[in-house]
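Colleague: Using the sequences provided together with the hints, build the complete structure.
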Amino acid sequence: MLETADRPVSHDDSSAASSGHSPVALNAINRWVPHNLVMRDSWFPVAHDYSVTGKPVRRAIYSHPIFLWRDNGVVVASEFHPNERIARDKSEFTNTQGRYPVMEHYGVVWIWFGNPLAADPRHLPSLPFLPPKGGLPRHMTATVRFESAAPISLENLIDLTHADFLHADVVGDERSDSETVETFYDSETVTMVRTCVNKSVAPVMKFFSGIKQPTQNVRQVIRIYLRSHCAIAYGRFSPGDDVPLFHPCTPETRDRTRMEMVMNTSNAGLMFRHVMPKAGYKVSRQDSYMTSPQSPRYMRHTDRKDLHSKFDQAGQRYRMAMMELADRQANGDFAYRDNVSADCSDIIGLRKELFRF
Amino acid sequence: MSLDSDLWWAVARSEEVTSQKPLSLDIGDQPVVLWRDNQGIARALEDRCPHRRAPLSLGCIRDNGQIQCGYHGWSYDGETGRLKEIPNMKDQQKFPPIYKANAFAVSEQPGFVRVCLNPKAQAPLNADPKYTYVGTVNVSCSHQEYLNALYDDPGLILSIRGVRFSPYLMSELHEENGMLVMERNCQWHPLHWPSHFVAEFPLTLLTRTHPLTGETQLTLRDDQFHDLLYAVLSPVPSARGVTAVRWRAELGVRHPGVRGAVLRGINPLSVHASVDGSKLRATKPTVSLHGEDLRKVMLETTPATHDQTVAA
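For the record, the sequence lines run as chains A and B. Numbering of the first sequence is given in my numbering, commencing with residue 704 and proceeding in unit increments. Numbering of the second sequence is given in my numbering, commencing with residue 20 and proceeding in unit increments.
Here are the simulated EDC-like pairs of lysine to aspartate or glutamate, each with C-alpha atoms no more than 20 Å apart in a straight line:
no.	chain 1	residue 1	chain 2	residue 2
1	A	Lys915	A	Asp876
2	A	Lys1013	A	Asp876
3	B	Lys149	B	Glu35
4	A	Lys836	A	Asp774
5	B	Lys113	B	Glu98
6	A	Lys758	B	Glu219
7	A	Lys758	B	Asp242
8	A	Lys981	B	Glu219
9	A	Lys793	B	Glu195
10	A	Lys793	B	Glu194
11	A	Lys1013	A	Glu877
12	A	Lys758	B	Asp246
13	B	Lys315	B	Glu164
14	B	Lys303	B	Glu164
15	A	Lys985	A	Asp872
16	B	Lys40	B	Glu65
17	B	Lys298	B	Asp171
18	A	Lys1013	A	Glu882
Listing some non-contacts, in silico: residues in chain A with all C-beta distances to chain B over 10 Å:
no.	residue
19	Leu729
20	Arg743
21	Gly776
22	Asn798
23	Asp872
24	Arg878
25	Asp880
26	Thr883
27	Glu885
28	Met974
29	Thr1005
30	Asp1030
31	Tyr1039
32	Gly1052
33	Lys1055
Only part of the chain B face toward chain A is listed, based on derived beta-carbon distances under 7 Å:
no.	residue
34	Tyr187
35	Glu191
36	Gln243
37	Leu308
Treat the hints as calculated values from the structure; they're not laboratory data. Cβ atoms here follow ideal geometry from the backbone N, Cα and C, with glycine treated the same way.
Modeller: Structure follows, in structure tokens:
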């Protein structure tokens, strides 16, 4: 269970980083090739529910085509377009009719990519800050694309120290009285908690939430569901607002990523509620500015190892967890050893009173 | 790249090959002369007179269909390359077999004349459809770099009227029936949202590329799977690192509205005669890296033949 397996890296004497007993050695993660990590038997978010109508729309996971439309209001996910002159074989990821398992939850359409017989709603990631039946206003959602591999985008996310430089004009600079980073993980998730005391106030909050103080205490959580390539980015700012973000990085191809983001700012003030989700457009381009040229440099194996600081432990753990899971899958083991759908409110420190549905 | 294999290169558009004037071209470092004999059959010889090495393409085509060197008037048969006549030796009509220019295999399908440097190569099966729009450009760019540009950003080498290529792929480069296949998302030009914030793309460009010759079929589709435009692009490595590109295109289903009308305007496809070096340099090699890896695997597992299925 998550509660017992979830543990800080620094307290884990048997972790791969300290003992080398893991199937994935530390040297390997410093030379990882994220483009080669292909996950399956997982729910992938592919569309906001409102974008699927009677007219087929196209999506992809690892280049596998997906066509979505509604038939009497029910979402259909097929690997063939209704107008397509079918000249190719059906893949192993769909049923005899060429249909993917599909479900709607949290206002998002999810596709099961893997053995269709293994599709199970119990493997859907827990996103406790989103209403299970959806319904958030559209201005809290967006579609954003990255010209990089999905694991590169997620590694970027879980290393929040980059935000102080790349996104300083949105979330504030690196100045704070203290900063700690903790990492928790199990076989299916990696969670990073960053706590900053008296950090420079995020400009977006200064201008749109009316924060007058020069500093604020910040607790930021990044929780990644490895298989789904989905992340929760939850910031608690004091003084300030709670900003939970659903940040999926769906691998449309091995080198291009799609994000159907949802930011629940329902509890924030009027201005901030509307402006903050739009910040994703700016922040994503700032990230792309770095990850886009970075990604091709991870397409092939190299003998040169990446260097790290102490703040990179979450990113390293993410690399290791992904490689271990990929190894397992390469050996035919697609079983879930930990429950990804168990409510993670406590793990991410969600203030439940703000998010009751 | 080895040019000695049984590869068939689409070196010319059919209408470029006439019985009026020989056509000079290259396949890699091999100069080739191409013409049509008195039967209308396309012929290809090395562009080098065995007598004094003058380019045969500087000569002329005789009424009997033979090519005649412009230097001393030696005449050669297009099918065999055998010397047939020396003007000063009219009394001698038979020459030893060694008196010949190297002949190459030629195959013509509606639209393209293909040449194989192996004269015994089997002609490819092909069925090119009719194409209305055609062109030839010589690009100062190596064959491989040209293909890499096509993979990483087709906008570097071609334009489709009213269409903008996005950096986002619907399907990354992969092997499909011996071809390198990929599909790129596109938008209508010029009014569009920034591609990195777009939920749905209205168009895709499907490309199917032969792993050795680089001959590529392009299909522009709308989001309802209608083929709006298809084309064949044939880049051939030529002398001095130049890539000679012949292309043909045809419009498909009419897309409704102004955008469809714009696409159907004059020259829906144009292939650029040069590649912008500053843009090429700044283009990140992503798809082309996959392409390189895929080509290696394909060449290890399949012989270097040109089963030309581009038009299939």
